[in-house]
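The listed protein sequences derive, respectively, from chains A and B. The first sequence: position 102 = 102 (this note's numbering), numbered continuously. The second sequence: position 111 = 111 (this note's numbering), numbered continuously.
Because the hints were derived from the structure by calculation, they are not lab data. Quick caveat, the model's predicted, so the values are computed rather than measured.
Quick list of in silico lysine to any residue cross-link-like pairs, SDA-like style, CA-CA up to 25 Å:
| hint | chain 1 | residue 1 | chain 2 | residue 2 |
| --- | --- | --- | --- | --- |
| 1 | A | K36 | B | R9 |
| 2 | A | K36 | B | H29 |
| 3 | A | K110 | B | G40 |
| 4 | A | K36 | B | R30 |
| 5 | B | K11 | A | I86 |
| 6 | A | K67 | B | G42 |
| 7 | A | K67 | B | S97 |
| 8 | A | K110 | B | P39 |
| 9 | A | K56 | B | N98 |
| 10 | B | K57 | A | Y31 |
| 11 | A | K70 | B | Q99 |
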Amino acid sequence: GEDVEQSLFLSVREGDSSVINCTYTDSSSTYLYWYKQEPGAGLQLLTYIFSNMDMKQDQRLTVLLNKKDKHLSLRIADTQTGDSAIYFCAEKDNQGGKLIFGQGTELSVKP
Amino acid sequence: DAGITQSPRHKVTETGTPVTLRCHQTENHRYMYWYRQDPGHGLRLIHYSYGVKDTDKGEVSDGYSVSRSKTEDFLLTLESATSSQTSVYFCAISESSNQPQHFGDGTRLSIL
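Work the whole structure out from these sequences, hints included.
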């Protein structure tokens, strides 16, 4: 079945770049997503990439997709303390647009 | 923010009681979803709807039912709540199956 894997924790210093990694199993996924969840809040859509793209950049965020290895990464440049949150990777199931989520990576940004 | 309202935001109830959670949207989106979030599992899909009166099961549908009698409302019912259903429940909406999903703020449900 489909599965999405992420490392659970990442700690960086303010001003450094953060790279959050994700692997997925469904090679037929058409879209891959990154969501951010702050404590006590819902999931906020950060960015997404279509499967025929290798890279997408949006201000401080860069998404890289390696379809051959089924690997997705999210790079946050100049990481700030406000970026501390849980980041979820998700792939879109081809039936009904369902999302399959990873467990989430907790990003801690130290001043 | 997408116009999604979940109610209640918090609920504590006892095992064996019925519970209904409501998701209300003002975006007129066709698709609506219910997920649960548990430590170590990320979010898992319970049920989803692709139109009024059109619903389908997700990954963890046992013990849950849903109804969608109007475009704007998607109800999740636990007919007889169990402690294993203690969780945070999120509603999401999307314009179509190819569009991104946007999430509500969640309902924290505790079954004692």
